[in-house]
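Trainee: Given chain A, work out where chain B should sit, using these hints.
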Amino acid sequence: GQQLNQSPQSMFIQEGEDVSMNCTSSSIFNTWLWYKQDPGEGPVLLIALYKAGELTSNGRLTAQFGITRKDSFLNISASIPSDVGIYFCAGHPETSGSRLTFGEGTQLTVNP
Amino acid sequence: DSGVTQTPKHLITATGQRVTLRCSPRSGDLSVYWYQQSLDQGLQFLIQYYNGEERAKGNILERFSAQQFPDLHSELNLSSLELGDSALYFCASSVSLRGAVDTQYFGPGTRLTVL
Chain A
1 GQQLNQSPQS MFIQEGEDVS MNCTSSSIFN TWLWYKQDPG EGPVLLIALY KAGELTSNGR
61 LTAQFGITRK DSFLNISASI PSDVGIYFCA GHPETSGSRL TFGEGTQLTV NP
Chain B
1001 DSGVTQTPKH LITATGQRVT LRCSPRSGDL SVYWYQQSLD QGLQFLIQYY NGEERAKGNI
1061 LERFSAQQFP DLHSELNLSS LELGDSALYF CASSVSLRGA VDTQYFGPGT RLTVL
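Residue numbers (our numbering), protein chains in the order written: chain A, 1 to 112; chain B, 1001 to 1115.
If you're looking for bench data, these hints aren't it; they were derived computationally from the structure. From the three backbone atoms N, C-alpha and C, an ideal C-beta is built for every residue, glycine too.
Some chain B residues judged to face chain A by a derived CB distance under 7 Å, without partners named:
| no. | residue |
| --- | --- |
| 1 | G1042 |
| 2 | L1043 |
| 3 | F1090 |
| 4 | T1103 |
| 5 | Q1104 |
| 6 | F1106 |
| 7 | G1107 |
| 8 | P1108 |
| 9 | G1109 |
Extracted from the complex, chain A is given alone in its bound form:
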């Protein structure tokens, strides 16, 4: 099946720093989605990308759909303590219809 390689696995940063994480695949994706999950809660959608090259912002978050359709990145600017959590990339592979494939997640820790 399609694999999503998400990196880094974990990040420890100081409050105020910018953060960048990305997902890559050997397969083509039709959409890229970024979710955040707090402990014991469901994933919450942050940004959805639908076209190659698309760059979308949501407050301090910015994500891009790679031109090759095989990658995406998420940037968080000026991090704050409540940014702590696990960030998942997810996407609809070209050949899998509506089934979402998830990355392994990036655990973000923000030190005040």
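Mentor: Below, chain B alone, put in the same frame as chain A:
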């Protein structure tokens, strides 16, 4: 609040038992998806229902089954439970307009503990 509701929030049961997890999708969403999240694994897709019919199957065990009812709520049935079935089970929903790839919104999850 995503608009997707799941009950119960927590479930503790014994090996060999059977449980039913319930999900109500967002208003207007026709598709319901079930996922399993274990400690040592990421989110694993189990099954999708669209407007009452099974649409896609993922890594769902034969001991597990699901259905979607006419009012579009869904139930995931887990039987002959094993210790390894302990996990968070999430439901997600989406509009799933014909021909469109759309976004899934997740519920808060049911934490299942099998003792």
